[in-house]
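Below are the chains, spelled out letter by letter.
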Amino acid sequence: MLSIKNLHANIDDKEILRGLNLEVKAGEVHAIMGPNGSGKSTLASVLAGREEFVVTNGEVVFDEKNLLDLPAEERAREGVFLAFQYPVEIPGVSNMNFMKAAHGEMRKHKGLDPLSAKDFLRLVKEKSALVELDGQLANRAVNEGFSGGEKKRNEIFQMALLEPKLGILDETDSGLDIDALRIVANGVNALRSPDRSFLVITHYQRLLDYIVPDFVHVLYKGRIVKSGGKELALELEKRGYDWVKEEVDALEKA
Amino acid sequence: MVEEKISKSIEFCKSFEGHRSALYHQFPDVVANAKDALQTLDFPTTRSEEWKYTRTTRISNEAWNISNVPSSIDIQPSLIPDLNAHCIVFVNGFFRQDLSSPSFEEGVKISQTLQENLLPDAVNVFQTIHTAYCTDVISIGIEKNVQLKNPIHILHFNDVALGCAMPLVEVIAEVGCQVHFVESFISTIEEKTFSHRQLLLNVHENAIVHFDKIQSQSDNHFLLNDEQVSVASNGNFTVNTITIDGGWVRNNLHISLDGQNIEANLNGVFFPRNKQLVDNHTKVDHRFPHCNSNELYKGLMDDQGSGVFNGKVFVHPDAQKTNAFQSNANILLSDDAQMNTKPELEIYADDVKCSHGTTTGQLDESALFYLKARGIGEENARKLLATAFINDVLLKISNNAVRDFVTKELVDRSLIFI
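Just so you know, the protein sequences line up as chains A and B, in that order. Each residue of the first sequence is one higher than the last, beginning at 4 in our numbering. Each residue of the second sequence is one higher than the last, beginning at 113 in our numbering.
Honestly, the hints are just simulated from the structure, not real lab data. Every residue gets a Cβ at the ideal spot worked out from N, C-alpha and C, and that includes glycine. Hints are not guaranteed to be accurate.
What the hints assert, rightly or not - Residues from chain B that face chain A, not an exhaustive set, calculated with beta carbons under 8 angstroms: (1) I488; (2) G489; (3) A500.
Claimed, not checked - Pairs of lysine-lysine residues, derived as DSS-like cross-links and limited to a Cα-Cα distance of at most 25 angstroms, are as follows: (4) A/K233 with A/K28; (5) B/K520 with A/K103; (6) B/K424 with B/K454; (7) B/K520 with A/K121; (8) A/K111 with A/K168; (9) A/K111 with A/K128; (10) A/K168 with A/K68; (11) B/K164 with B/K120; (12) B/K454 with A/K111.
The following block holds chain B by itself, in its conformation from the complex (with noise of 0.2 angstroms):
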């Protein structure tokens, strides 16, 4: 007789198995596969090389639940000031109808099911996970030629200790809409929360999509972004990731450019400190011609904080005419800061400027003692300077209310000098 061995990520979703997966009434045997896959799935070492700098014991060694309690949770310190922007909140991984804005402007569908019915693909474990316990699902369709006045804010809350969130998020942004989304993961508790959000955004031909993510819970809570990015013909698309706080931090951005004449924006900044550590695996495929794609990514690591950026960009066959462009700088900010950065271009068409550039140091000496010169003291003259490092980054957020918002939030945290 042989013994069964329990895997971990069995182990890990135990708790979970009076839940069912909010996938079910659309997709039963996804959801049933996913359960089976588990049985023989662990969760990723520092030997696999998408996990390298990135340990996950401190989440699957946690014993979390889902917790469908509606609390009492109040929104209104979360939402930016003269954003004017409709909500959708989530609380604990569960969509609140309740909390979120009671209607949307005209060509905005909001609905609890996929709308292309595409799943993700499963390239984690965490993936997995989450497609057989998804707690909710929301799907936001732009409607064709809809040019959205006002910005649609996404809020995830996490308020239960050891709550684990797994909300999934689609976007349809029909043929020539234009949106702006803001999106903010926010804790309210002291204790351990684990969020894993999955969002699927399909930009259609010349749809105009602008995303800006901010990521600010705080020490002791685990944050988990996969998106998967699809953009067709003539289409526009930017995000920010904007990380400010968190302890552990892991972004999976995946775009594919899908068609001609696309513009893709990806940037980000972020400031681990403390213990903290913010992980940006970006992925930008070029699969058609005169396609261009532009990477910003600056990182500021102080205390034992550590930064990871792994940014892949594969130019296919096709994909001539390609402009891919891909930076990455980072200062160290004390002795025990780390950072591990790897850009990793792939070009198999032959006629493409491509190029990355990746740098980490530290802050000028020479500009430092400039700045005490005039009279600003050691410290302000650090974050002066640091301010002026990430600055570019900030200026790529373009709408007005969430660049003050996050400027204010980063002076708030002594982050930055203005």
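So that you can see chain A by itself, here it is in the shape it has in the complex (with noise of 0.2 angstroms):
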């Protein structure tokens, strides 16, 4: 489904990714973890389509299709979604006539009409109990005054509203308590399917109990550096990073 090769990418002239290989089959969650600054959200960012992230090597291959040739709406209505770390508010624009703008967007690029307002209210109803996410939410602007669980949650429930056949979610439990984080985690896991994919993008292991990942790699320096079952989650929870920063500069200097 997602095929990385050795992508290289900068920002203001500043290389973050260098050479990243990563393999996605349908159905398989994959979480990325590392130190900061290691370049986790710069891969994100760089899936997602945003412009100040310039690739100067390497390709993505997403569904047979050049994911790097693509704009960010495109690849979004081709099926990639990220799940923002930091959600941008948008004052003036309803929640409601943002997602029926995504989600007319969606099915345009199906080849379908947009769904009855009605149809389309019952869909929000159905996707918003998914996280909890209280009803009165969707009449308010964009993640305007929404606590930060809020908009966590926010960004599941468009998540599930747009099925995407990727969900990257750059790190959705970075500030959570754990009844969010419990409610954000079961909501991945209700949209986790055969054909569905994801790249959990975090910084610590606790995530990781709940939304229970195929595999984990270790981002260092702008590479994969390591990659294991769920269980290297857990050694890198007990070990720190140390470990694994220090066998990779060994490495380099060798």
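Both chains are sitting in their own frames, so use the hints and assemble them into the complex.
In structure tokens:
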């Protein structure tokens, strides 16, 4: 489904990703972990199409399409969804209108007419229940005045509504209390399916107790330096990242 | 022998000579004086502070004419659906009884002479020209304590190439009345026209007047609005100036709060694009204690469009306990668009709450990316943000029919996205 080969990316002429390789098959959940500044969020941004990041080398194939050739909106329509680390507040745009416009675009892309107002409302109700999101939030301006937990739940709600093929969760767990974390994770788990994959980017192992990954990768200095099963996350939780860093740095010196 | 130099304004009025000012029968001396004054008056240049960013040469260099040939015009497409208003129609600056509503609600008095005998103060040369050659006068009186059920819709059409329309509208809102006005400026031809509409509006004690102005002419049209509003104690006045379209638009809005416990709201939104210019000059005079004024203007400039905002608020020495708030926010959608904005607060009382703020920026890139990351295309994402930006001004239009109409006009012109 997703194949990343030798990906290099810069921001402001500073190289952040330095030859990243990753293969994600349909239905798999991959966790990307790593110390601060290792390039985790850059990977998420590059995949979603944020223009500040310049890809200097490598390729990303998603569903047999060259993802890097597509603007952000087309990646989204093809089924890439980024749950933002910092969801943006947009005063004046209601959450409902925002999602109606987005959902309409998704359907248009599939050659379908937009849902009727009634059917869309029913869908919103159903999906917001998934993350225990108050119906009132749908009518408020996008993320404006939302608590941190509400913003993250809103991201998952949007994902549930837009039904992507690939969900990228960029530190969705950061700043969440244990109740909000559980709700967000339950929402994600409800969306797991044989044809939907996830990239779960996180600094902490805690989230992975709830969203159990098939693979865990450690990102360091813009490359995946270690991969394993879910037990790798536990080991990182116990031992921290220093031992991985030392291994890599030693190899570099040699 | 001294060679007489002909002033620019005399030159400008040359072809108006055959037309007698509509003010003549009521104010012959005033009209004569105005004509005399023209001998020495020239048009303002950008050296004058009031016209620093708004050139008048494209108006002053043109050979305009006044045309009172009644044309057939279909007003139907310009009416606002579900507004159920009584209409007053001007064509090329002349009142058209045949196109206007045959009768009005009880308590409404329409006449073709000024009822309160107050002529507008001539602040600019255009006003002097207006007095000298005024095309028509309509006075609308709302009687004491009358609450009108239906709005009054004033429509201005221009359908003569190089036609110059100079109507004067007087509104007398008597004590305790309540009335909603809608005023539309529409052009039905592609050729150049110039409209200068003067408005005298007196809001008497305890009266409530709501005024929605919709300016939607096109690129070749020049529109100047001079408005002099006086509000008496306990009066409530709201004006929304919606400039959807127009090649050159200048609004001079002066609101004088001539009593206590008044509330005045002035809002505006403008969308200059192509090479359009929209200039809003506002002035609010707080003369007595305990009055509130709230001002909110927003502009979205695209292409080589240019916007001007100048908002003066004077708080006179007696006007203690004044609350005066002013805000002007602007977004430039292109590299060639420009905005010149200048708030001016002069406060001579010491127990007041006043604020002003002005911002000019661009669309929020992070918000734009957020929308795109959900599959919304660049153009619609921009429009969605533009819509969000101006929405609070549109919400100031309290009448649903008017708001829906304005929204549709904006959507049809691809200015907003809903």
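For which of the previously enumerated hints does the structure constitute a violation, in increasing order of number? 12
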